[in-house]
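A.B. asks: Chain by chain, the residues run as shown.
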Amino acid sequence: MRHPTEGVLRRLLDEPAGVSEPDRAHVAGCPVCLTGLAAARDDAAAAGAALRTDQGPPVDVAAGWQRLTAALPAAPPSPSRVRSRRTRAALRRPAVAALAVGVVLAGAGTAAANDWLQVFRTEQVQPVALSTADLVALPDLTGYGTVEVDGAPDVHEVPDADAAAAESGLDVPEVAELPDGLSGEPTYQVGEQVTGTFTYSADRAAQAAAAAGEVLPPAPAGLDGTSVRLAAGPGVAQVWESAAGLPGLVVGRAVAPTAFSTAGLPFETLRDHLLSLPGLPDDVATQLRAFAADGTTLPLPVPADRVTTSSADVDGVPATVLATRDRSLAAVVWVTDGVVTVVAGSLDTDEVLAVARGLQ
Amino acid sequence: MDLVPHGRPAAATGVPVAAVVPGRVPVTIGRAGVAMPGRTAHGAVRADLGEVFRRDYPRVVGFAARVLGSRDEAEDVAQEAFLAFGRSAVPADEATGWLAVAAAHTALNLLRSGRRRAAREETVAAAADAVVPDVAEAVLTREDRARVRAALAALPRKQAVALVLRHSGLSYAEVAVALDMSPGSVGTTVRRAEAALRKELIRHASSD
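As they're listed, the protein sequences go chains A and B. Position 212, counted from 1, in the first sequence is what this note's numbering calls 212; the numbers after and before it change by one each time, with no gaps. Position 113, counted from 1, in the second sequence is what this note's numbering calls 1113; the numbers after and before it change by one each time, with no gaps.
In case anyone wonders, no lab produced these hints; they're calculated from the structure. Possibly wrong hints are sitting among the right ones.
[As the list claims (entries may be wrong)] Now the stretches of chain A that chain B is said to cover, found in silico as 3 or more residues with beta-carbon under 8 Å: (1) 9-19; (2) 44-53; (3) 60-70; (4) 209-217.
[To be verified] Now the in silico label distances, taken between C-beta atoms and shown as ranges: (5) A:Leu-34 to B:Asp-1072: 53 to 61 Å; (6) B:Glu-1094 to A:Gly-358: 45 to 53 Å; (7) A:Asp-313 to B:Ala-1146: 46 to 54 Å; (8) B:Glu-1094 to A:Pro-16: 21 to 29 Å; (9) B:Ile-1202 to A:Asp-348: 48 to 56 Å; (10) B:Ala-1150 to A:Ala-62: 34 to 42 Å; (11) A:Gly-48 to B:Glu-1094: 25 to 33 Å; (12) B:Ile-1202 to A:Asp-203: 26 to 34 Å; (13) B:Asp-1072 to A:Pro-220: 41 to 49 Å; (14) A:Asp-180 to B:Ala-1146: 28 to 36 Å; (15) A:Arg-2 to B:Ala-1150: 32 to 40 Å; (16) A:Glu-185 to B:Asp-1048: 21 to 29 Å; (17) B:Asp-1072 to A:Val-317: 46 to 54 Å; (18) A:His-156 to B:Asp-1048: 23 to 31 Å.
[Claimed, not checked] From the structure, some residues in chain B lie toward chain A, with a derived Cβ separation under 8 Å: (19) Val-1045; (20) Ala-1047; (21) Arg-1054; (22) Glu-1075; (23) Leu-1163; (24) Ser-1182; (25) Gly-1184; (26) Val-1190; (27) Glu-1194; (28) Arg-1198.
Beta carbons: idealized from backbone N, C-alpha and C, even for Gly.
With the sequences and hints as input, model every part of the structure.
C.D. replies: Encoded structure:
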């Protein structure tokens, strides 16, 4: 009989009842498996020790609940608002709010994916369906080379639309009519252009693949050391707060991301190689390659089991509409002349589309 | 806690375009979302939130603490996870696993961001007049913990989350459901994570 997998050996340590009787019997009499089992036990013990946390005082559930309800808009105002100022300040920043929308729509792990999807000059947005399980497993770009970001993005509030337009150089869209439940004036935030450089390292890529138990696909000659320069922004965002003082609607506009190769092979070659790396399902890689061949499309990975996507038009321009399946959030995204605009919020798709189409 | 930038390539970090490049920056939360109030400002917080909170809050704090190595920011992470949960439509019987994944991801993002250091420094500054029982011991512990956190942050994300969930006491079946994996692959993922973690720790230790 073949040896049980290392996963079976590992489970044998924790849940022997979860391992089949033939496997258990095999391991008990197999020197190879017993050695593997001992190694698994050692590693598990080391990991257990490393991850041990101090007990500390018991968690104060009542205080935690008070804090949570203070942060929940539906709860009555609490006399002792415990939620930290830092959190509220962060949530109030529109860039962060916009990002939060993105995160909600995308689920975890897409940060890594999008690090390398930036190699497109964006003229269109296309949704790509991924499952959340795939997203968690997507490769992290830093595993495949070095990433240098030039300076920290400086997102700051400006007093009004004129100041936002002057600083960003963008037309600041004006919302004609706010959805129900929102009112008042938005806050305006401006973010400067951010640039960064990714340099592919064959050594690192091989290490990352090995760590994931995968074999790195062969890379084109000359790819090692290829650098791609990334640029995004500037951008401007308007945020309307909900009754709880948190963002209810975000209207953002920014110069769409671009990328170009500064050393080594063309970025399309790098992109195609990155797309072939372990972690990305083959069908998705194929899909990406197919519609991004001209380098003008920004694929927008979405977790298919949590987000629905559809097409719409905003004043004649094709737009992508995203909504979480629980209907708590929606966004519409479109690109015109290298400028991407997003309307997102805790709204339904009709509401975000109405706002988008009403922008002036 | 802060909604933290991912801190990496970040061509679009901090500018609104990032909204169309989902997740490329903060990824505060795991599989399903981050607190994004507004819609529910009109009253749609799920009815079973209190019940789930009372049942799971200490455990969710524990998940975050296991990633972060301390309770310092674990409650912030747990609060974010519950805020997101409160607005979600996650089925009640999947709540614990969902919260576990959300807390683990949020904490891992925190680990991987430069903000964490800054936040910790703030905490230290705020607690400057607190009594420190044994400075030498505290420093040592902090170094050890930092090494473990660096190693944890370097793991592939799915491995790191599976590792944390398993070592927090979730069964293989529970980890499988929470991460959309087959039960059979949980052992493999955890095993690889442990081997990689140990290797990282040895590598860090030998490079000291």
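A.B. asks: Can the stretch 60-70 of chain A be counted as covered by chain B under the rule of three residues or more with Cβ-Cβ separation shorter than 8 Å?
C.D. replies: Per the Cβ count (5), the hint holds.
A.B. asks: Count the residues of the stretch 9-19 of chain A whose Cβ falls closer than 8 Å to any Cβ of chain B, and tell me whether that reaches three.
C.D. replies: holds (count 6)
A.B. asks: Closer than 8 Å between Cβ atoms is the bar; does Leu-1163 of chain B clear it against chain A? Give me holds or violated.
C.D. replies: It holds, given that the least Cβ distance between Leu-1163 of chain B and chain A is near 7 Å, below 8 Å.
A.B. asks: When you take the CB atoms of Asp-1072 of chain B and Val-317 of chain A, is the distance between them in 46 to 54 Å?
C.D. replies: holds, 47 Å
A.B. asks: Classify the hint on Val-1190 of chain B as holds or violated, based on whether any CB of chain A lies nearer than 8 Å to its CB.
C.D. replies: Constraint on Val-1190 of chain B satisfied, holds at 6 Å.
A.B. asks: Does the hinted range 46 to 54 Å hold for Asp-313 of chain A and Ala-1146 of chain B at CB?
C.D. replies: holds, 51 Å
A.B. asks: If you check the beta carbons of His-156 of chain A and Asp-1048 of chain B, does the distance land in 23 to 31 Å?
C.D. replies: Given range 23 to 31 Å: violated, Cβ gap about 40 Å.
A.B. asks: Taking the Cβ atom of Gly-48 of chain A and the Cβ atom of Glu-1094 of chain B, is their distance within the range 25 to 33 Å?
C.D. replies: holds, 26 Å
A.B. asks: Given the hint of 28 to 36 Å, is the C-beta distance from Asp-180 of chain A to Ala-1146 of chain B inside that range or not?
C.D. replies: Cβ of Asp-180 of chain A to Cβ of Ala-1146 of chain B: about 49 Å, so the range 28 to 36 Å is violated.
A.B. asks: Using the Cβ atoms, figure out if Arg-2 of chain A sits within 32 to 40 Å of Ala-1150 of chain B.
C.D. replies: At 37 Å between Cβs, range holds.
A.B. asks: Does the Cβ-Cβ separation between Ala-1150 of chain B and Ala-62 of chain A fall within 34 to 42 Å?
C.D. replies: holds, 35 Å
A.B. asks: Is the hinted range of 21 to 29 Å satisfied by the C-beta distance from Glu-1094 of chain B to Pro-16 of chain A?
C.D. replies: Holds: the Cβ-Cβ distance is about 27 Å, inside 21 to 29 Å.
This entry does not satisfy hints 5, 6, 12, 14, 16, 18, 20 and 24, going by the numbered hints stated previously.
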